[in-house]
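2 protein chains.
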Amino acid sequence: MNDQTKNNYDQLVKRLEEISRLGGVRGILHWDQEVILPEGGYVARSKQMAALAGVIHEKSTDPELGRLIDALHSADPDDFDAIQRCNLREAKRDFDMETKVPKELVEEISELESRGHHVWIKAREQNRFSDFAPVIEKFVELKKKWADHIDSHKAPYDVNIDVYERGASMDQIDPVFKTLKADLVPLIQAIQESDYQPDDSFLNGDFPIDKQEELGRTISRDIGFQFDKGRMDVSVHPFCGGGHATDVRITTRYRRDNFAESLYAVIHETGHGLYEQGRRLEEGDLPSGESMTMGIHESQSLFWERMIAQSKSFCSHYLNLFAATFPENLKNVGLDQFYEAINVSRPSLIRVEADETTYPLHVILRYEIEKGLFDGSMKVCDLPAIWNDKMEEYLGVRPPNDTEGVLQDVHWSGGAFGYFPSYSLGAMYACQFYNALRKSAPKLDQWIESGNFQEIKSWLNKNIHSQGRLHSTGELVQRVTGSALDPNQFMEYLRKKYGAIYRLQNLN
Amino acid sequence: MNDQTKNNYDQLVKRLEEISRLGGVRGILHWDQEVILPEGGYVARSKQMAALAGVIHEKSTDPELGRLIDALHSADPDDFDAIQRCNLREAKRDFDMETKVPKELVEEISELESRGHHVWIKAREQNRFSDFAPVIEKFVELKKKWADHIDSHKAPYDVNIDVYERGASMDQIDPVFKTLKADLVPLIQAIQESDYQPDDSFLNGDFPIDKQEELGRTISRDIGFQFDKGRMDVSVHPFCGGGHATDVRITTRYRRDNFAESLYAVIHETGHGLYEQGRRLEEGDLPSGESMTMGIHESQSLFWERMIAQSKSFCSHYLNLFAATFPENLKNVGLDQFYEAINVSRPSLIRVEADETTYPLHVILRYEIEKGLFDGSMKVCDLPAIWNDKMEEYLGVRPPNDTEGVLQDVHWSGGAFGYFPSYSLGAMYACQFYNALRKSAPKLDQWIESGNFQEIKSWLNKNIHSQGRLHSTGELVQRVTGSALDPNQFMEYLRKKYGAIYRLQNLN
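In order, the protein sequences belong to chains A and B. When we follow this note's numbering, the leftmost residue of the first sequence carries the number -7, and every step to the right adds one. When we follow this note's numbering, the leftmost residue of the second sequence carries the number -7, and every step to the right adds one.
Quick caveat, the hints were computed from the structure, so don't treat them as lab data. Here the structure is a predicted model, which is why all the values come from computation and not from measurement. Treat each hint with caution, since some may be false.
Since copy identity is lost for identical chains, a pair holds within one copy or between any two.
[As the list claims (entries may be wrong)] The calculated lysine-lysine pairs, modelled on BS3-like cross-linking and capped at a C-alpha distance of 25 angstroms, are: (1) K136 with K84; (2) K489 with K304; (3) K304 with K203; (4) K51 with K95; (5) K221 with K114; (6) K51 with K6; (7) K6 with K95; (8) K51 with K(-2); (9) K51 with K92; (10) K170 with K488.
Model the full structure from these sequences, guided by the hints.
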């Protein structure tokens, strides 16, 4: 690398780190808004968020940054190692995305994100979709405009999907979701129609919040969350946020009549948190160390929530602790009984409470609605009816109100259209990662049964977390699992597991 | 105002608001660091704070901002109303201050502020001044450099004082503090030597933290703090921060063996908080609506803490609530007994726990040390000895360790040299404001006795809070009290109050 190239690269690093740090500031403000901010502070906060977004946009679109990227791209590629090449590639992608969108539109979106969230919380509390509808309407309009600036040759919804799941598109997702829908509907029907239905009534009862919180912290710590580099708090919708790999903030929410919902939310967010805390920090605050797509992120949360924490081995290890924490409810519950209860598959109204067989249908419903909003075939005012009809069609349940229906998710309040497919891509990746780990670690069940999660975490740290953005999603999955995305592994896993629990005979 | 001037002024407003909002973001990050941030996140946070400080500095020194200010200053002054003139004046002052300091120095100071705070917390926990000494050393070096950039003709310490107490200087403070010292030492001696010493033993005991917190919230709300536009949390050192007049965050700390300390800290910070919440918001996020100097800010906290909440009327109103909250300790305590106990004057080690007679001597000690550090007559390594000797000389007590001595205050960990004098200027202003209110409101005692604080808050809102920066400190005090800063009003108040409590006969 000659002096000029080295100098350019060093300058690029300095600028990328500045942008990353301001992004960390935004992360803290976002967390603060969800967890801490007083009611009366929202208007001012929206303006502060907009100012910060404006600054980040300025920094990300600085012509000097573009000049550095161009100069480095015309240098000899062999001058750079894999990490440097990654930083350069990511910098170019981000710069191209940012420079195509005018600052005013970025600020308008940012302000709506902040305000929209507030409107959503209120609308949800008061079960008034009509209050929230204008936010969705405006967001679709702004996100279409935004997509048009980024790539006017692609469908606006594809451009939005690409933000979260780079490389994915409706062309690729449609057939995968079609397969899932075709396979899941009969499986779910067979489960519902089975003569054997596990008893999970003991999961409902009276579970003091402080005990739930203590249990959640214990298990989160056990599986590897570092509380000296993170926090756990309460918010309307559980999420994993924060400002840095050394300041990772997960949240949950509590229901006094059900401890499993909050506990598995904690484990889910811990999975996200472990990914963030496991990022490679040696090279500084640079894109090469950042997490991959939302689908890969979700694979990490679902890996822990579903593949590990809903396994019989996990239940075996923790049943005593559960029973000691909530003796009233759990003192006479056996292992098989508990395992079956927390794996009960039953169509429900709320996505985040859904089990792994019904969850993809919640996602597919949202995916279809987002497609409809973007291609104009659906109107915002019709969403409550469309939502409820689809729920009935796919899962046989109909929300009694919008709070438990179309108003349940945080995503649209922040303009995150195109995000939902990642959940089910993540579920499929999680299953494949789990199969790969199982192959390389024959003692996996024993580790889990004895509460030794260190090896599992290390495997994820090494194979996924520390890989940052060095590879594309496709490459990463191929490297770790030996195959491409494979929905059949997921379906096979579900059929085997639920076939056993529900004593099903004739699964095709 | 012609179109060009109007256009320039509108652009100025836009820029000032952007800077103000980014400052609000910094406020939230600062609060987060004191209250929320996980241990392992400090290094990354320092870098984030530095990046944000760099951005604010860039915005505050943008040549285009300078051009607008110059253009508006050469327009006809009669074009502007009082608020516009104030914004212009403040913008010019800030711009001049900012443009004189290189960005690198600003960032170096910001990073040290963040790191220094962390070092201080550790050093304080472990009672090791030597760990903290390099931070002070470096800060004095940086703040001298900084002062030299701002105004090389003035003494560096004066330049630092001017940040917090604009217009004040050693020339003005020295004689005032000399008078206070001369008058206070005999008063404190007389108090100590009095045959009558009130019994305050019942203020020590076992006071559950949750009850203390509830009591603090109740009284803070009673006197007017709006919890929908603010919060109350716990930090190492109580402070009032936040991001906006609609998001004001006060903190306190709790000792299980003493409820009065935490309660009066809450009331003190509530006083600051009421000032912030009472700011004029109509014109947007502009300097004209911002709070005045630290001395005026402190006058607001001390007004509530000392003048109101330590009065007999206040005790009369709340004694029943105190007794109901902590019956074990307070059930047999009468009004006079309680009033005298919370006004006990006794030299102590910790500034924030000091009573109003001894407090100024804590301030004078720090002021003398800061002067010594800046003029080179004192060395950082000698500070523990100097501190302890002065404590013995002025107050007759000697700290047994540095945690209760030179390490007790947060200020130096953030580089806030020149701040301490404001506390005592504030005490004098508080007394003058109280005298003025008393004159205009003959029913003041009745209001307080009946728990009606609304009129008091309104008077402060109208006369001080909503005045923003429209006047200089001197003008404001003159307008509200009819006289200039007058240390004798303060001494007269102390002599009268403590003369009565301690049955003193021969006060000069």
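Checked hints:
1. K136 with K84: Classified as within: same-chain Cα gap 23 angstroms, cross-chain 42 angstroms, threshold 25 angstroms.
2. K489 with K304: So K489 and K304 pass the 25 angstroms test inside one copy only (11 angstroms; across, 73 angstroms).
3. K304 with K203: Classified as within; 23 angstroms inside a copy, 44 angstroms across copies.
4. K51 with K95: both (11 angstroms within a copy, 16 angstroms between copies)
5. K221 with K114: The answer is between: 17 angstroms across copies meets 25 angstroms, while 32 angstroms in one copy does not.
6. K51 with K6: both (11 angstroms within a copy, 19 angstroms between copies)
7. K6 with K95: both (22 angstroms within a copy, 15 angstroms between copies)
8. K51 with K(-2): Within one copy only: 21 angstroms inside a chain, 29 angstroms across chains, cut-off 25 angstroms.
9. K51 with K92: both (14 angstroms within a copy, 24 angstroms between copies)
10. K170 with K488: For K170 and K488, only the intra-copy Cα distance (21 angstroms) is at most 25 angstroms; the inter-copy one is 86 angstroms.
In terms of the numbered hints stated before, the structure departs from none.
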